[in-house]
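Number of protein chains: 2
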Amino acid sequence: MSRKALALIVSLDTKAPEAAYLRERIAAQGVDVVVIDFGTGEPGFVPDVPAEAIATLGHGDIAALRQERNRAAAIDVMMRGAAAWAAKAYIEKRICGVVSVGGSGGTAVGTAAMRVLPFGAPKVMVSTVAASDIRQYVGTRDVTMINSVVDFAGINAISEPVLRGAAAAAAGMALALKAPLTSKKGRLVAASQFGVTTPAIEHAGRLLAEAGYTLVPFHATGIGGRTMEDLIADRMFDGVLDLTTTEWADEVVGGTLSAGATRLEAAGKLGIAQVVAPGALDMVNFFMAPVPDRFALRKLHRHNANVTLLRTSPSENTEIGRRIAQKLNAAAGPVTVLFPLRGFSALDAEGQVFFDPQADAVLLQSLKDNLEANVQLEELDLHINDPEFARAAVSALLAHLGNWETTTHA
Amino acid sequence: MSRKALALIVSLDTKAPEAAYLRERIAAQGVDVVVIDFGTGEPGFVPDVPAEAIATLGHGDIAALRQERNRAAAIDVMMRGAAAWAAKAYIEKRICGVVSVGGSGGTAVGTAAMRVLPFGAPKVMVSTVAASDIRQYVGTRDVTMINSVVDFAGINAISEPVLRGAAAAAAGMALALKAPLTSKKGRLVAASQFGVTTPAIEHAGRLLAEAGYTLVPFHATGIGGRTMEDLIADRMFDGVLDLTTTEWADEVVGGTLSAGATRLEAAGKLGIAQVVAPGALDMVNFFMAPVPDRFALRKLHRHNANVTLLRTSPSENTEIGRRIAQKLNAAAGPVTVLFPLRGFSALDAEGQVFFDPQADAVLLQSLKDNLEANVQLEELDLHINDPEFARAAVSALLAHLGNWETTTHA
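The listed protein sequences derive, respectively, from chains A and B.
Take the first sequence: its letter number 213 is residue 213 in the UniProt record's numbering, and every next letter is one higher.
Take the second sequence: its letter number 390 is residue 390 in the UniProt record's numbering, and every next letter is one higher.
Hints were generated in silico from the structure; no laboratory data involved.
You can trust all of the hints, since none of them are fake.
Pairs involving identical chains hold if they fit within one copy or between any two copies, as the list cannot separate such chains.
Below are the SDA-like pairs computed for lysine to any residue, each with C-alpha atoms no more than 20 Å apart in a straight line:
#1 178 x 157
#2 4 x 29
#3 178 x 155
#4 178 x 160
#5 269 x 233
#6 178 x 29
#7 178 x 21
#8 4 x 92
#9 368 x 341
#10 269 x 326
Construct all of the structure, not just a fragment, from the sequences and the given hints.
Shown next, in the form of structure tokens:
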């Protein structure tokens, strides 16, 4: 077995002692290190890949960056460059992961390179900003974030144990890598859920288990939907049970838990089988945030201390249906939409606060008006949390999986 | 050499498969695992330390917690209990670090136990909330935070690589531990700085280096001051050059970068020599936050896009002086306060926007009125960033260090 290698992405004008120490400690554990410089100053030692090359990959020019002294612009270029370098080196099997050390700028560059690596590849960031809001750095990835505790100023009794731990973690992760993570040993199905659609997902999970599949649920909280999309794009799943598309309500209406405008794209792009339902599209979420004044006269429901919900309106549902149809029409693989006529969530059920069959019917009509022939739409006289609904969803998915495997293996 | 051991702190009612896998993988790398359960349900396997014991250590009762079903109250008890258990086990050398896996509650409990361990002890948290605002979890500690990417639901192709990496990281860190980190090989001095006092700290750093000490600067941004206090409490430093006490302005007046009411306590409690100055006490910081309306008529300065500064007033300086004196009076070790009569920061210098000798004089008077005899106060006809000021500060500290070492080694 050839030695593993990690890319060490670092600004060598300010972090050369730290980089040299990390390289030495990682190498001592039997893992090679490729040093990538992204600094715009004089490097403290000669890197394997100079900052000029990273700037060029980031569509920038190192001479111009040095002259401009615009730190934000330099960081943008180096983020693009480091990510481009890491993606290519990983595909070419020259590295198995990325380790990095830095402040706010270095964390931006290091984690940009980490986020392009697939799930399971070692990603270790030693950061001065690791005790703060790190969502922009981690994104939807399995990034290991180590708080540096102090600003780096060379190797001393404060920085040495942090760097030693980071080197041990990164080398250990590299050595622990085994067979490709996308192997099909366990057949996996991704599912989107919310508290108010949990019965549907739990029932579907049991039925899928009987059929030899493992269901992996994602909370439809924005970051959950984004993560599911990213892991679908990584080819981690055989099929998708996207029963809780509620993030589209937040995206269209302006709630706090939107998963962005690319939700529902990944499975379609790869032709992965999907079954989709309008789970929790009766509600827009305001989580840890006030409901904007423009909704003051609308139907609101205080879900708990941190969450207030807004009932989606017929006109909003027209747009939500249009957007969902647009995404599903573009799918290269099989798609079935199952529409539960008796309600989309625990709150949208007869006698509950968000029950509104008229508003739901508008969503159905919008889907009918906009979906193209490649997408099957089935209306079911059921509530989304009825066991029969989950059974129908699993049946539809298994049918697609059977068909699709026949096709791809032909 | 006996085998290292890590505590694995986990809720065994919901995370038993993950805990079993982590234990197996860590043990396979030659590190023992002590499993601590903090779940209030039925544990999936028998732990080394049951949840009953952790609840008792947290001044709670497991039966009552099970009956109440108050999750927040249970987490509070378990945080206290897990921290108490870990602190004792670490001191008794039964564990060298902590690893944990969990959601928001589990992350609160696991990191509470990590935060009581000293700097350098392995602390690895696998968390579903690691792609968010983690400052409350990490605090001022060298916590390694690994994003679990998905909710845990047993061992599958999604969770396995994350847990495998976490086990490799934790075991690697435990095996990489060496001599006690508080060894006096490198003599270290902690210093507080801000951009507007950086010349003072840089000059002091050069002078200290000549005397065989390494200066470790902390940014006085609230978290920086807290971190410095925590590392002082860990006995990492021989002396403290606390020239930038600006966080007291934010604490007293209501700025955004307060380090809390315990700032300036750690060195005094342990009797560590300190030299203190009123660096940047001319300013209250509003970072990424609007200046409250009550300050609208006061002297404000827009420092950059994210920071607006408020000039401290004479009456505020009276209170700031009182609070600082109160902390220093309590010191068990030697303390010198050096007061630069020509200004506290780059902005509080002749011709600069915050130059106000009258307001500064009020702070001096308050210190004179409140400091007790154990604290030396010296007035210097210098600006804080004058090289002579740094020289005086370093001289005072070195004098204390000489005296103190004589005392403690006598």
